[in-house]
Each structure stands twice: as C-alpha cells, then as structure tokens.
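This is what each chain is made of:
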Amino acid sequence: MSNFFKKSDLTRKDAENIISDTLNKCDDGELYLEESKSESILLDDNKIKKSNYSSDLGFGLRAVSGEIVAYSHSNDISKSSLKLSSENLKSTLKSSKGTYNYEIPKSNKKFYDDINPIEQKSLDSKLEVLNKVNDYLRTKDSAVKQVTASFSGEQKSIEIIRSGGESLTDIRPLIRFNVSVMLEKNGRKETGVYGIGGRQSYDDYLKNDNWKNVCEEALRIASVNLDSKPAPAGEMKVVLGPGWPAILIHEAIGHGLEGDFNRKKTSAFHDLMGQKVASEGVTIVDDGTIDKRRGSLTIDDEGTPTERTVLIENGILKNFMQDRLNARLMSTRSTGSGRRENYRHIVLPRMRNTMMLSGKQTQDEMIKSVDKGIFAVSFGGGQVDITSGKFVFNCTEAYEINNGKIGSPIKGATLIGDGPSILKEVSMVGNDMMMDPGIGTCGKAGQGVPVGVAQPSILIDKMTVGGTKI
Amino acid sequence: MIKDQEYLKSKASYCLNLAKKLGATDASVTIGNSISESVSFRNKELDESNRSDSLAISIETFKDKKKSSISSSNLQDENLKTLIEKCFETTKITPEDEFNSLPDKDLLERQIKNLDLYDDSHLENDKKIDYLKELEETASISKKIINTESGFTEYKSNFILANSDGFCNGYKSSSFYASCVAVAKDENSMERDYEYTNKRHLNDIASPSNLGKITAQQTLKKLSPKKIGSEKISIIFDRRIANGLLHSFASAISSSAIARGMSFLKDKIDQKIFSDTINIFDKPDLVKGIGSKCFDSEGVKSETLKLVESGFLKHYLVDTYSGKKLNMKSNGRSGGSTNIYFENGKISFEELLKVNSKNLYITETIGHGTNLVTGDYSVGATGFLIENGEFKYPVNEITIAGNFKDMFQNMTLANDLEFKYSANSPTMMIEGMVVAGK
Chain E
960 MSNFFKKSDL
970 TRKDAENIIS
980 DTLNKCDDGE
990 LYLEESKSES
1000 ILLDDNKIKK
1010 SNYSSDLGFG
1020 LRAVSGEIVA
1030 YSHSNDISKS
1040 SLKLSSENLK
1050 STLKSSKGTY
1060 NYEIPKSNKK
1070 FYDDINPIEQ
1080 KSLDSKLEVL
1090 NKVNDYLRTK
1100 DSAVKQVTAS
1110 FSGEQKSIEI
1120 IRSGGESLTD
1130 IRPLIRFNVS
1140 VMLEKNGRKE
1150 TGVYGIGGRQ
1160 SYDDYLKNDN
1170 WKNVCEEALR
1180 IASVNLDSKP
1190 APAGEMKVVL
1200 GPGWPAILIH
1210 EAIGHGLEGD
1220 FNRKKTSAFH
1230 DLMGQKVASE
1240 GVTIVDDGTI
1250 DKRRGSLTID
1260 DEGTPTERTV
1270 LIENGILKNF
1280 MQDRLNARLM
1290 STRSTGSGRR
1300 ENYRHIVLPR
1310 MRNTMMLSGK
1320 QTQDEMIKSV
1330 DKGIFAVSFG
1340 GGQVDITSGK
1350 FVFNCTEAYE
1360 INNGKIGSPI
1370 KGATLIGDGP
1380 SILKEVSMVG
1390 NDMMMDPGIG
1400 TCGKAGQGVP
1410 VGVAQPSILI
1420 DKMTVGGTKI
Chain L
573 MIKDQEYLKS
583 KASYCLNLAK
593 KLGATDASVT
603 IGNSISESVS
613 FRNKELDESN
623 RSDSLAISIE
633 TFKDKKKSSI
643 SSSNLQDENL
653 KTLIEKCFET
663 TKITPEDEFN
673 SLPDKDLLER
683 QIKNLDLYDD
693 SHLENDKKID
703 YLKELEETAS
713 ISKKIINTES
723 GFTEYKSNFI
733 LANSDGFCNG
743 YKSSSFYASC
753 VAVAKDENSM
763 ERDYEYTNKR
773 HLNDIASPSN
783 LGKITAQQTL
793 KKLSPKKIGS
803 EKISIIFDRR
813 IANGLLHSFA
823 SAISSSAIAR
833 GMSFLKDKID
843 QKIFSDTINI
853 FDKPDLVKGI
863 GSKCFDSEGV
873 KSETLKLVES
883 GFLKHYLVDT
893 YSGKKLNMKS
903 NGRSGGSTNI
913 YFENGKISFE
923 ELLKVNSKNL
933 YITETIGHGT
943 NLVTGDYSVG
953 ATGFLIENGE
963 FKYPVNEITI
973 AGNFKDMFQN
983 MTLANDLEFK
993 YSANSPTMMI
1003 EGMVVAGK
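Just so you know, the protein sequences line up as chains E and L, in that order. At position 256 of the first sequence (counting the first as 1) the number is 1215 in our numbering, and the numbers step up by one without a gap. At position 314 of the second sequence (counting the first as 1) the number is 886 in our numbering, and the numbers step up by one without a gap.
Errors might be hidden in some of the hints.
Derived DSSO-like pairs: lysine-lysine, alpha-carbon spacing no greater than 27 angstroms straight-line [claimed, not checked]:
1) E:1008 <-> L:593
2) L:878 <-> E:1223
3) L:926 <-> L:677
4) E:1056 <-> E:965
5) L:575 <-> L:699
6) E:1008 <-> L:785
7) L:664 <-> E:1403
8) L:583 <-> E:1104
9) E:1331 <-> L:592
10) E:1188 <-> L:838
11) L:592 <-> E:1428
12) E:1008 <-> L:799
13) E:1166 <-> E:1042
14) L:804 <-> E:966
15) L:715 <-> E:1009
16) E:1223 <-> L:901
17) L:901 <-> E:1056
18) E:1008 <-> L:705
19) L:705 <-> E:1428
20) E:1223 <-> L:575
21) E:1008 <-> L:838
22) E:965 <-> L:575
23) L:653 <-> E:984
24) E:996 <-> L:705
25) L:798 <-> E:1224
26) E:996 <-> L:677
27) L:901 <-> E:1006
28) L:878 <-> E:1053
29) E:1038 <-> L:653
30) L:653 <-> E:1104
31) L:715 <-> E:1091
32) L:977 <-> E:965
33) E:1080 <-> L:575
34) E:1038 <-> L:575
35) E:1223 <-> L:785
36) E:1383 <-> E:1224
It is worth saying that the hints were derived from the structure and are not from the lab.
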C-alpha cells in the first residue's frame, strides 16, 4: 500500500484536520489520494515503437454541499498545497449549512489481488511475446501488411480519507493485451482488432500460448472484412451475437440509467421507474463484484463497496446506478457506482460490468426467423445522446441474413436506434450469455474508466442500419 | 501561479545532464504545468467548482538507435533520478530502430515569434458566476427550455521542451472557455443542443447573452424531429461538423499513418483527391490562434503549408521518425495539424442551400464511424430537411454514409469561413451520400 505521507511535510494528522475543517458544514466529501504506475509497450511496423513507463501521484479534495460540488486537485502532496485547495473549496461553499454524513457501508470481500502486474513479467519476456505475435501473423498469411501488438499494465493505489479520519484503501491491477492486423489483397485493405485483459497478471491471460488465439481472432475478423460487401441502408431486423455486442446495452440503456442524468431529468428514462421499458424476459444488471473482471471494483472511488445492481428485471425498470451525491438527492442509497478516471476528476455515477442475462432461445432460432436483416458479431465504439435517447454503434464484423440464412459479410456500418424503445423491440433472448474479453473503456464527461459488458444473442425486430446500399 | 520558465528550464537541464551522465547518447524532455479554474452552473444555480494544478514531465532517452520513455507528475529530484535510471535501463534492452533520432539540428526553430497566445487576465470565480447567470437567463427564453447547464473555464499553461542538441524553449499560453447546453421538451420529444466560445484572450470571448440566445434557439429548432426515408441525397454540413472532416483528413495525411500504410491517402501526393475548387491550408503562426504553435512537439520549426491546391494533395504532415522512414524531411508537424482550414468557396451560404432542391442539413454527428484505412464513413446524425433553400423540419435517428474518396471529390464550399476552432471549414455540401432512415 502506498504511504502517501512518507515523503511529504504533510502528516496524516494534519491532513485529517484540514479535511474535517474543510468539510465542517458540508454534506459529504473526502480527500482522495492516488498513486499509479503504468506501462505501455507497443510493437508496430516490425519494430518496438514504444516502451513507456509512467508514474503519477496526486490528490483531490472534494466538498459537497446540497447539489454543489467543489473540487481541487494537485500533484503536490504537501501541507501548503492541501491548504490552498481547502481555501479554494471553502470560498466556493461559503454559505453551506449541511450535516456531514459519516456513514459508509463496509465489506470484507475483495475481487482482485494486491499485485503489480508490471513487475510480474520481465520486459524481455514481454518483448518476446510481441515479436512472436509479429512473426506468427506475418508468416501465417502473406496478405498481412501490418501488425500492431501491445501490452498495457497498471497498478493503482488509492486511499480515501473522510471527515473524522476514516480511511479506505484499495489496490487495483489492470492489464490489457491487444493485437491489430491489416490485410491487403487485390487492392483492398481491411483491419481486424482483438484484445483481452482484466485485473490479473499478464501471464494469467497468456498461459498455454493464448496470444495465438488473440492473433487468430484479429486475423479472422480482418479476413472476413476483405470479402465484405457494402452494407444495406434502412430499417431491418438485427441479430446481435453474444458478448462484446452488449455495448449496445451499455450505450442504449446503461448511460440513461446513471443517477446524475435522472436527478437532472435529462435522461429519457427519468420518469419511467417501475414501468415497462423492455420486452418480457429482458433482465439487465450492473455488477461490480465479478472476480477479476475489467469493470469490477472492491470499493468505488468514494469508498462504497460495489454490488450487483438490478437495473431492469423482466422488462421493468428497477434501479438507477448511484454515487453518494445523486443517491442523497434522490433519497436512495449509493449502489457503489461512484467512479473517477483519476485524482484529476470528480466522481460521477458510472457503469461497471453491464450485463443482459440469458433467456431461452438459441441463436439458430433467431437467424432462421429473419427474412431480411443483419447478424452483427463485433463492434467498435458506440455513443449515445442521453437526452434524445438516440444511440449509435459501429459494426466491425457483420453479415447479411437472407431467408433465414447467414450470407455475405458486410462493410462496417453504423447502427442507430432509440434507447428507451430499443429494448421493447427485443423479441428473442438467447441462452448463450457471454462476457466480453475485457477491453472496454467508457467515456463520460471527458473521463475514461474501464468497464465490462455481457449479453446472450438477441433478436431486435427493428433497427436502422447505416449502410450505403439502398 | 503557474511555474515560470526558469523553474522549468532548471528541471529540464537536471534531467538532460543526468541522462547524459548515465550514458544516454541523446535525450529529450518536456515539462508542462497547467492550472485551470472552472465553475459550472445548472438551472441558474452553482453546480460545481473545480481547480486543477497539473505538472507533467516526459523524458526520452536514447542509446544510439535504442529509445524508451517515461512520464510522471512528480518533479522531485529524487523521483526524477529513479525514473531516469529506470528509463535508461529499459532503453538499453529495447531493440534498435534505425529511424530513432532527435530531429535534424538545422530544422530546429531558432526564433520564437510572439503569437499573442497568453493573456494574464484572471477572472475571479464570482465574476465567472455572474457571466454564467446572465448566460442562463438569456438561454431560458421559452417554457420549453427545461434544463440549462453552463460552464466557464480559465486555463493557463507553461511548458519547456529541451533536448541534448541544445534546443531549450517554451512559452505560456492561455484559454478562456465558456459553454452552454440546453434541453428543450415538447409533447413529442426532448432535445439538446450547445454552443461555446473558446479564445486565447478573455476580452475576445462571446458575450454571455449571445451564447445563451444561440443555444436556446438551436435547441428549440430541434423539437419534434422526424425520421426520413433511406435515399441518396445532397448533404450540407454545418461549420461545426464540417471541421470534423478536416480532422479526419489531417489524421489520414499524418506521416505515421502513411508510413505504416494505414491511410487511404497513401501514395496520393500530387494526385487530385478533392474537387477542383478546394484549397486547404495549415497555418501554425495565426495570431491568437487556437491551434497555433511556435514549433512542433519536437522543437522543429513549422511554416504555413498549402496542403491541398486546386484539389491536388501537396504535403503530408511529417514528423522526424516517420519522415526518416518515408525519406522526407520533417515539416514541423509532430503532433499533427495546427490551424487547418479550407479556403472560402465562391458562393454564399444561401446560394449553397439552393444548389439542390432537396438537402439534408447536418448539425451533429455521433459515433466513431470513420475508417481511415479504407476511407469508409458512417455516422449517426441529426439535422434538418431543406427544400428549395428553406429549413422544413428537424430530422433525427438517421445515419449518413459514404467513402471519403468520393466525398472529397463531390465537395462544394460556401464563403462563410470563420476562425473559431483549430480546424475551420466554411459550410460544406457533399453530393451523392446515402442517408439511412426508415
């Protein structure tokens, strides 16, 4: 565990006094201390292009009064710097008359180990894997014209000190291994990308030469795309494959169920609590407690233990995701969803691992039921307009469906839909729920946080496919 | 107070000396400090205040053709020493790359122009609050506006870039940024729109009433949108969206994308990639420019480039590393384009709307549907249907798609260029794209 006071003129006692003094008439707040160590090693264009190590240290002091959040952060963990931040907060919240809420739930559960993944694998052996990836792919297929492979690893230590001196700590490992390949054949170029990761050591993911499977998958996606035809344009039926395509759930539904947008009534879901927002058989949870997953957290960034939050149960809207601020203002409790990218940012209610649970049908039944539509297997990024509810995401692997049969692959098209109504268009839920491979990063208000998604195959009766073929 | 040049220079030389002492053949270091103070409002009440003081250092060490880097936010000498030692240890075991080097000495910028990028003005939070109050008052022009959010950020920074070839330079810059987002609701829909102002100098920012009024008008106009059918249609990009195509173009002509073969514009120098009337400039020395730079991120001098001349591609954006690979000299574009813009077209905005009897006018796109390897483009969009030069009704839940290769060739620009962002375009029409809707 990092000792944030070791090399500072600031003692723990000083810090506790400044925190208690700053938060005296506030409803909530804390000092958040963070030290992170990260690395990024990149092979590209036949060479090791980048080998970077980074260390970051800083604090953020937050005071919450009513609906107002005052925040100040700095890299300089010193008495003068913390005092400067404290004065800044106090000047913003001159007239606050709150009562500090000392209560914070406790749990002994941990969802990952206190490891530093960077130090658990030598640089030499990382370089060796990257070179093997490059050789393997270039030998395997002469159409391979570019290979990019990377390791990124991180260990983040945090400490939260609340008014009164209560301290909560967490050590969070996170790794990702990624392979991207570009093929060129008959003048056409296409790329395929695949990655794996989570909160364990690199070797937990790479055992039994698992890097080969990552290569194969990237190569397979690129090869499929080399034969792709222009995508159709217009409304049609869409079958989504299991796993990563659940970013549709994340964009279409997840963001709209975050507490802040609903407290502010800017979400299309804000007045739908207890109502039917999805077809029967659709159950969606947001779970921070799955062992060693990318989106899991032992405690959130306010110190609240995470949980499994049921968002939609059998079609009915049950819960929003809450941090402490929005929970207090909406008279409910935090769901352990308060997150921040790092000490430079304020806490917002965010998703962790967002999952649609399995139903009864098979993927086969879904495909067979479609006369004309598309089958989407993998996606790039997505985005949502919370207010209008419209969301998009980009297919990176998709096929036509004609008369109940999977046809040709189609070019990357954007799918667009309406969040509040899309789940009512779900007419079949598969029995094959799968987690994503551990690669998702969600962006909100300029902050990126690691997340996970999961879903079974699903059939959506009507969505707009943004192709070029009319 | 942000750290001054003297402090940053002393830290930089400490790092360079140490790297040399450890045996590095070359080294470079960038140190930056930034302080931002922001206030945000929601529904005419204070919502958030945020003060940010950030230090960042990044160091590259070379052992002949071997290279690695470290970065940190902790500038204590003891920490820097540990990190530089670690960096150089890594450098020694990193494989060689023949193209690794500092920039050519004769390309380094010697004279720093004064581009007026820094304004020392400080606006107290109370004054920011006054600005935002007025802004939100003027944004609340209709009962249909149910939510307003606004923010004001004052940002000041200073940096130094130094390398072991003797380059050591940096400068202060500032920005003053205010924005407003409104949500409007009627019986059919809830819609959101925004407007912002971002200037180097405090006195140049838009008035709060202007910002509030524009946001409200734009948001109200979007209410009760319709979805249109799928068809081939002429698309007009509002200036705030048209500039996104310039960013994509800039990424596609970056020497790193070209050298790696990952761009649809590879091998297109001196070829016609745009329609005849299109000229594109990249001007680093625009006074008070949002994208202005006195030198690039390696210290190389950068001059104005006419990237596209009468439709022909004339330059890539070249940095040292990829330049060596492509056998080209750096043109001071490590870090990308600076102030990139289309030259004005020949016709007015009104005339552009009438070129075709039916147009789709796009004000916002969402999604990441830009593939620079193939040039394929497919994004979600919202906007308006225009018939015979007149705005008919708002449109949403549609996508627009095409391929940049065709889109660039079918481009017509109006003559309403404004320098508001780091990439600037007049209103743009592209014919022959496909909209997917019903």
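Verification of the supplied hints:
A distance of roughly 25 angstroms separates the Cα atoms of residue 1008 (chain E) and residue 593 (chain L); the hinted pair therefore holds under the 27 angstroms criterion. In summary, the hint linking residue 878 (chain L) to residue 1223 (chain E) is not supported, as the alpha carbons are separated by about 47 angstroms, beyond the 27 angstroms threshold. Taken as a hint, the residue 926 (chain L) and residue 677 (chain L) pair is broken in the structure, with Cα atoms around 53 angstroms apart against an allowance of 27 angstroms. A distance of roughly 35 angstroms separates the Cα atoms of residue 1056 (chain E) and residue 965 (chain E); the hinted pair therefore is violated under the 27 angstroms criterion.
About 25 angstroms separates the Cα atoms of residue 575 (chain L) and residue 699 (chain L), which keeps this hinted pair within 27 angstroms; it holds. For the proposed pair residue 1008 (chain E) and residue 785 (chain L), the alpha carbon gap of about 49 angstroms is over 27 angstroms, so the pair is violated. The straight-line distance between the Cα atoms of residue 664 (chain L) and residue 1403 (chain E) is roughly 39 angstroms, outside the 27 angstroms bound, and the hint therefore fails. The hinted pair formed by residue 583 (chain L) and residue 1104 (chain E) fails the criterion: a straight-line CA distance of about 43 angstroms is larger than 27 angstroms.
For the given pair, residue 1331 (chain E) sits about 67 angstroms from residue 592 (chain L) by alpha-carbon distance, which is inconsistent with the 27 angstroms threshold. Proposed proximity of residue 1188 (chain E) and residue 838 (chain L) is supported: the alpha carbons are some 23 angstroms apart, at most 27 angstroms. For the suggested pair residue 592 (chain L) and residue 1428 (chain E), the alpha carbons sit about 60 angstroms apart, so the restraint of at most 27 angstroms is broken. In summary, the hint linking residue 1008 (chain E) to residue 799 (chain L) is not supported, as the alpha carbons are separated by about 47 angstroms, beyond the 27 angstroms threshold.
Distance restraint check for residue 1166 (chain E) and residue 1042 (chain E): the Cα-Cα separation of roughly 49 angstroms exceeds the 27 angstroms cut-off, and the hinted pair is therefore not satisfied. Between residue 804 (chain L) and residue 966 (chain E) the CA atoms are separated by roughly 65 angstroms; this puts the pair beyond 27 angstroms, and the hint is violated. The suggested pairing of residue 715 (chain L) with residue 1009 (chain E) is violated, with an alpha-carbon distance near 55 angstroms, which exceeds 27 angstroms. Among the hinted pairs, residue 1223 (chain E) with residue 901 (chain L) is inconsistent with the structure: their alpha-carbon atoms are about 53 angstroms apart, more than 27 angstroms.
Annotation: proposed proximity of residue 901 (chain L) to residue 1056 (chain E) is violated, straight-line Cα distance about 63 angstroms (limit 27 angstroms). At most 27 angstroms may separate the alpha-carbon atoms for a hinted pair to count; residue 1008 (chain E) and residue 705 (chain L) exceed this at roughly 50 angstroms. Our distance criterion of 27 angstroms between C-alpha atoms is broken by residue 705 (chain L) and residue 1428 (chain E), whose separation comes to about 49 angstroms. About 39 angstroms separates the Cα atoms of residue 1223 (chain E) and residue 575 (chain L), which puts this hinted pair outside 27 angstroms; it is violated.
The suggested pairing of residue 1008 (chain E) with residue 838 (chain L) holds, with an alpha-carbon distance near 21 angstroms, which does not exceed 27 angstroms. The suggested pairing of residue 965 (chain E) with residue 575 (chain L) holds, with an alpha-carbon distance near 25 angstroms, which does not exceed 27 angstroms. Between residue 653 (chain L) and residue 984 (chain E), the direct Cα distance comes to roughly 43 angstroms. Violation of the 27 angstroms bound is thereby established for this hinted pair. Using a Cα cut-off of 27 angstroms, the hinted pair residue 996 (chain E) and residue 705 (chain L) is violated, with the two alpha carbons roughly 42 angstroms apart.
For the proposed pair residue 798 (chain L) and residue 1224 (chain E), the alpha carbon gap of about 23 angstroms is at most 27 angstroms, so the pair holds. Straight-line distance between C-alpha atoms of residue 996 (chain E) and residue 677 (chain L) comes to about 34 angstroms, which puts the hinted pair past the 27 angstroms bound. Taking the CA atoms of residue 901 (chain L) and residue 1006 (chain E), the gap is about 21 angstroms. The hint holds against a cut of 27 angstroms. Between the alpha carbons of residue 878 (chain L) and residue 1053 (chain E) the distance comes to roughly 54 angstroms, so the proposed pair goes past 27 angstroms and is violated.
Between residue 1038 (chain E) and residue 653 (chain L), the direct Cα distance comes to roughly 24 angstroms. Compliance with the 27 angstroms bound is thereby established for this hinted pair. Taking the CA atoms of residue 653 (chain L) and residue 1104 (chain E), the gap is about 41 angstroms. The hint is violated against a cut of 27 angstroms. Between residue 715 (chain L) and residue 1091 (chain E) the CA atoms are separated by roughly 64 angstroms; this puts the pair beyond 27 angstroms, and the hint is violated. For the proposed pair residue 977 (chain L) and residue 965 (chain E), the alpha carbon gap of about 58 angstroms is over 27 angstroms, so the pair is violated.
Note on residue 1080 (chain E) and residue 575 (chain L): the hinted pairing is violated, with a Cα-Cα distance of about 38 angstroms set against a maximum of 27 angstroms. Between residue 1038 (chain E) and residue 575 (chain L) the CA atoms are separated by roughly 18 angstroms; this keeps the pair inside 27 angstroms, and the hint holds. Our distance criterion of 27 angstroms between C-alpha atoms is met by residue 1223 (chain E) and residue 785 (chain L), whose separation comes to about 22 angstroms. The hinted pair formed by residue 1383 (chain E) and residue 1224 (chain E) meets the criterion: a straight-line CA distance of about 22 angstroms does not exceed 27 angstroms.
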